[in-house]
Structures are given as C-alpha cells and as structure tokens.
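In the working numbering, the protein residues as written are 28 to 323.
Take these hints with a grain of salt, some might be off.
Computed cross-link-like contacts, EDC-like style, restricted to lysine to aspartate or glutamate with a CA-CA straight-line distance of at most 20 Å [unchecked claim]:
#, residue 1, residue 2
1, Lys166, Glu55
2, Lys246, Asp177
3, Lys126, Glu55
4, Lys304, Glu55
5, Lys247, Glu157
6, Lys166, Glu139
7, Lys126, Asp177
8, Lys122, Glu157
9, Lys304, Glu87
Keep in mind that the hints were calculated from the coordinates and are not lab data.
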Amino acid sequence: MKPGEQFLEAALFGANLNPGAGPTSKREPVRFRTIWISDVHLGTTGCQAARLLEFLRATESDTLYLVGDIIDGWQLKRRWYWDQIHNNVVQTVLKKARKGTEVIFVPGNHDEAVRQFIDLDFGGIRIRDELIHTTANGKRMLVLHGDRFDGVIACAKWLAYVGDGLYTVILKFNQWFNGWRARAGLPYWSLSQYLKLKVKNAVNYISSFEDALAAEAQKKGLDGVICGHIHKPEIRDINGITYCNDGDWVESLSALVEEASGELRLVTWQEIMQMSKQQKNAASSKQTRELCELPS
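Required output: the full structure, derived from the provided sequences and hints.
Written out as structure tokens, the structure reads:
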C-alpha cells in the first residue's frame, strides 16, 4: 500500500493522529434523522474544517453519510498539508460512530484510494460504493458520490487534475478575500461558487450532470438520488425524480438533512449555528424559570 493510502486508511479508520487532544465543550445538538455531507477536501488549505467541526459538534443524527471527497488524496500527493483542525474533524466522526451513529462512507474520486475497501467496515464506519437509503416517509434514494457520471473524470483524468489545480488557486484567493470580509464585519461569500454559476459552460455542465444522475435513479426504479461531487447544493424535481446534491465544505458550507418526518432539505453552517444558539438560549431560559419556581 502506498504511503498516501496508508494515511487515508489510518485517518478514516481509527488511528488517533493526536492522542493529546483534549475534550470539547458540550452543547445542545440539533437533531436530524439523517445527515449527508460531501466534498470536504481535508488536506487542502481551502477546506473549511473549523466550520465543519462546529457543524458536526452542533448536530446529531441516527445516520451520517460521507458522500465522497472527504480527504483530498490528489492534493496530499502533491503537497503535504494536514492542520490540527482537520484531525479534529476525523476524530469527531469516529466518536460519533463509537457512540451509536451509523456512519456510511461512499468514496469519491479525490479519496479513491479508499475504494479498495468497498463493502468492508472499519472502526464502526461502513464503506460502500453506492447504496439505497429509505426515508421515514418511504422514498427510496440512490446515494453515490457521482464522479463516474462526470465525463471529465471518466474520460480525461489528466484534464481533471489541471482543473483541480486552477480551482485550488481560486480557493486560496477566496480564503484571503473572506478573511478580509470577516474583518470588515461582512458574512461569508464564495467567489468560486459565484464564478461557477456565471460561466455558461459550467452551468451547462452542471445541468447535464444533474440530468444524468436523475436518469440513473429512474432506471433503477427509485424515487430520487443523493450525490455530491459538483459542489452545488440543490434539491429539485427532474422528470419526477428528486435530485439532491448536499453541496460541499469549501464553498457553500452545506449539508443535506432528513427530518424525522422524512422531509429532505438543505442546511448551511450559518443556519445550524443559529439553530444551536436558539436551542441553547431556550434551554437556559427554561432552567432559569425552573429555578425561580422552586419554593423558598
């Protein structure tokens, strides 16, 4: 096994890369039946690992799907980058698995080294190529990363590597730009996502990708499809098929969630932080009222 593959195995399947890491503070979690996240790209400077860590610590679910490109093996082969916060994300996921969350990892093209472990289980994490998720209201959804429906990945991998390099440069500028916005008191804004949605060829590519995924679900007789890969969060109907993309953690900071009712919806880091704060304030107010009602 290559060194990079050994690292992916250790990071995802249980090796503690920082045994001295201390405990984290507890907060009231925002509860969902299921959460899907993808395209985290740990191992890159563009990864919004700190915000993802906040999201993971603020949420709880019966099942957590990691829908590919969680660790960016492509970038790690070029240049080693692994910040402590990236390790904290991995350890938080492993902790969720130990505490009873069903964690299912569907590898993508950037962490394709993990595909050699398809159908195996490691450290409470199930590795699957694709699978069917049944929602609480009975909808059967195909879950996969989606890269095999990308003509660039399937037919010209070298071109994908070139595009990935350019994308990394844009993300570096995006990181600097948002640092300036934060100092100015402005909210997070993704330049790379803005450019993606404004360039005509990119818009056409996204539309073709979504249509292809919906057609695959329809061919299998399913109600919908859940994927990642293109970094564009979306829920829409395509010829009677529910197409869902959970977004990413370098641009949109989004996830797909299933409520207890079976409803699927997109959430962002900002939304979850606000919900967590509201729940914390509500719990604090309730505790204060109960203390005031105690007999003297």
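Going through the hints against the structure:
| no. | hint | in the structure |
| --- | --- | --- |
| 1 | Lys166 - Glu55 | violated, 29 Å |
| 2 | Lys246 - Asp177 | holds, 18 Å |
| 3 | Lys126 - Glu55 | holds, 16 Å |
| 4 | Lys304 - Glu55 | holds, 9 Å |
| 5 | Lys247 - Glu157 | holds, 12 Å |
| 6 | Lys166 - Glu139 | violated, 29 Å |
| 7 | Lys126 - Asp177 | violated, 36 Å |
| 8 | Lys122 - Glu157 | violated, 24 Å |
| 9 | Lys304 - Glu87 | holds, 15 Å |
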